[in-house]
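Undergrad: Chains as they are written, first to last, in numbering that gives the first Met the number 0: chain Y, 0 to 136; chain W, 0 to 107.
Possibly wrong hints are sitting among the right ones.
Heads up, simulated DSS-like pairs for lysine-lysine below, C-alpha to C-alpha not over 27 Å straight-line [to be verified]:
#, chain 1, residue 1, chain 2, residue 2
1, Y, 54, Y, 74
2, Y, 122, W, 64
3, W, 64, Y, 74
4, W, 103, Y, 4
5, Y, 90, Y, 74
6, Y, 90, W, 103
Don't read these hints as lab results, they were simulated from the structure.
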Amino acid sequence: MAERKTLTFAVMDPPFETARSTTLLRLLDIAVRRGHNINVFAYEGAVYLPFALQKAHPNPAHGRNAEEENHVLTKDLIAAVMATAERAGTKFDWVNCGMCVDERGADQAIPGVRRGSPADLLKMAQESDNTLVIGTR
Amino acid sequence: MSHYLLIESRDPFDSPDTGFVHDLSRKLVEGGHEVTVFLVQNGVLPARPCIHSAALTSLAQAGVKILADDFSLRERGIAASSLIQGVRAAALDVVIDGMAGGAKLIWH
């Protein structure tokens, strides 16, 4: 493995709406598999990415039940990345912006997600080797 | 000399501001820096032969390394073998390697 680094990602896009969320999760998966420490600061709609009450659903338009539809939930993908990090003994810190959570009622996140503020993003960036801000349009 | 990694997620058919990445990367190369433009999501669309592809080829000829996310290409049915001159397919790992290597990143 290459030298372990600490990488920070900031994201503001909600799940199930843009390709940016998918790209973020792909980046996290690669970074964790490479043994890097990861920080994520989620704000605005991105606080719903690890929302615990996400539910898989059927797709009546295509005649598929929930099992056949096998709907991918971002909370499950994030949990899987967290589990990979735990097995590897690396740090994975996901912070949801508290004000963004409150205004959306998104306070039920999966275990491992903590509440914070933009000050956390500043601290993460200062303590990281590099930071990528995935801006929206 | 610094290494700049510019990630372009927008396509010129939908976004009139993709020239930003072109202009910035060209100026950075002219300033003696190493520049990689990584196309991702709909940003890969001009990497197939089309009305906008000449701008990318010109950028490559100026010394900018241009890569297209292989996953985004597959999602859009674009074969890596069909990419225009100056652009080649690459894995998203390039971004993580760039971050770990200290590249200066901009997401657009």
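Undergrad: Work down the list of hints and note, for each, if the structure agrees.
TA: Outcome of the hint check:
| no. | hint | verdict |
| --- | --- | --- |
| 1 | 54/Y to 74/Y | holds (10 Å) |
| 2 | 122/Y to 64/W | violated (32 Å) |
| 3 | 64/W to 74/Y | violated (35 Å) |
| 4 | 103/W to 4/Y | holds (15 Å) |
| 5 | 90/Y to 74/Y | holds (18 Å) |
| 6 | 90/Y to 103/W | holds (23 Å) |
Consistency note: the structure conflicts with the earlier hints numbered 2 and 3.
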